[in-house]
Amino acid sequence: MNSIQGSVWLFGDNLNTDVIHPPNCYSLDPVVVKQGLFSKLDATLQSRLKPGDILVGGKNFGCGSSRETSIRSLLLNEIGAIVAVDFARIFFRNATNNGLPCLQFANAEDKQKLAEGETWTISFDDWTLTGKTGLTIPLVPAGSFVRKIWSEGGLLNLLPASAEDA
Amino acid sequence: MRETLSDKVIRSHALNGTGQEDYVHARIDALLGHDATIALLINEFERRQLSIWDKSKVIFTNDHFSPAASIERADISANFLRFSRNQKIDHLLVDKGICHQLLVENSLCQPGSLIVGADSHTIMGGGLGACATGMGSTDILFALATGTTWLRKPKTIRVIFHGSLPETCSGRDIILELLRLLGEDGAQYRCLEFHDHAQPKLSQDDRFAIANMAVEIGAKFGVFVPDEITLAYCHARDQQTPGNLVLPDADADYEYTLELDLSELSPRIAKPWSPANVVALSELDSIPISTAFLGSCSSGRIEDIQEAAEELEGKTIHPDVRLIIIPASINIFKQALDKGYVKILTEAGAIFNQSSCGPCGGIDKGVLGSTDVCISTSNRNFRGRMGHWDSRTYLASARTVARAALKGCISGDLYS
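Order-wise, the sequence lines are chains Y and A.
In this text, residue positions in the first sequence follow this note's numbering: the first is 930, and each later residue adds one.
In this text, residue positions in the second sequence follow this note's numbering: the first is 54, and each later residue adds one.
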């Protein structure tokens, strides 16, 4: 995973998990979970998302519930990554544990340089976001522990082979 | 060492190094889970043929679908109970109430303990001086199998309560005021460490309400420094007093200190659609309501039900309002029965539902339709959470909810 390219979708501050994935869409059925993404915010949004698309948020992205159905839905819709000013802690853990990259702008005001629908590329080599015009925006490099979880393919692959090893 | 309370708890639970690293691998003292989030990990847990690290330290309950209202949820609930019984969970509490209330009713929740739970409001254990925090199902699966978790050591904001809480206010008004002051991310990744210097001290129920909603400010832990109120509660619950209390150092290293004079407080209300969209109730014009909800892990305790009974005894709620009351646990329901509150409130027109999450998360009886306006003691009024996208929820204390149910509206003169 050296880079991700996709269209960006812009959201504001404090985008909570009840808006990302409404609680009435809680289910174990992957179709229901997939289609629930942003279903109350904009009933047409989920069907317009493409694999690799990048969600862009403001402050406190993902605040609220710990229900991982929101992460499952983002993964089922093949969202490539989320870039935000910062993240709510439970959401950040859930996404990271399941291999969905959450990256922060190095400078919060850089969010204003992105327009909805533009294609941007995240580089995991130099921790940047680059647009079609060549404009490059710095991101905060992920920490070593987060990178380790990504490289292992998720937290569960860090489980010891047996309970005795724990 | 200049350590805060959470610094000490994390250091004493760290398995590697000094506890000073960015991420600490720590052992946990207890794990909490419920039907809706444990259901998300059962297949993976069984596929990997894992076993639970210590069945005596696990509390599970079916609080989201208790009882189930749809066929899919009945199946999810049945599978959750099958898993829990197969695993021989020591504290499988079926239809006994909301998991966070059941945690603080359980002797596993001790001051100074480190607890993780598969729900964001696990943080409520902080009302007893525990470092308790919510996580998603993947983290909880890891913790269930290993008895450990990964933690980043948070910075701590010290919050000191002074003065005397007015009779019209409760812990709900205090936490709503903190949300007004700090916003939805004011304590993001941080520990809120509460020091109760009020006269008289806050009740344990008020502390639970405050700790519960610390997560609405983004906090990882919302922990009260344990004191005689904590000890009295634990002694009544456990028939013994906790051992060595974990207390912060007098010169602990805080990010900053926030002092709140409770004498200055008046009833607070959070307007749609954020728990931090808080104003003084007295600032509001009249807003007709269709629904009043007294329940959830944030409230629904005996003092909340008592406040409502005080307000509504011998009266009848407004004919346009449905007042739904859900005691946070069966134990609380039994207390409310014994004290006569259920009779008083039922005669006033309230309906009691089974101790569970109810309509708080928009999943059970009491959800809101498109034109509904609700005043609620729950913890989140995010858009669409309690039902229809166009429904509107205001958050307030149990006393304010009862007064609004009586008058048929939220208004600035509810207390005049």
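In case anyone wonders, no lab produced these hints; they're calculated from the structure.
Possibly wrong hints are sitting among the right ones.
Straight-line distance between alpha carbons at most 20 Å, and here's what the computed EDC-like set of lysine to aspartate or glutamate pairs gives [said to hold, decoys possible]:
#	chain 1	residue 1	chain 2	residue 2
1	Y	K969	A	D443
2	A	K324	Y	D942
3	A	K254	A	E220
4	A	K61	A	D425
5	Y	K969	A	D425
6	A	K108	A	D75
7	Y	K1042	Y	E1007
8	Y	K963	A	E125
9	Y	K1077	A	E125
10	A	K392	A	D425
11	A	K110	A	D75
12	Y	K969	Y	D958
13	A	K61	A	D306
| Where does the structure disagree with the numbered hints, that is, which hint numbers, in rising order? | 4, 6, 7, 9, 10 and 11
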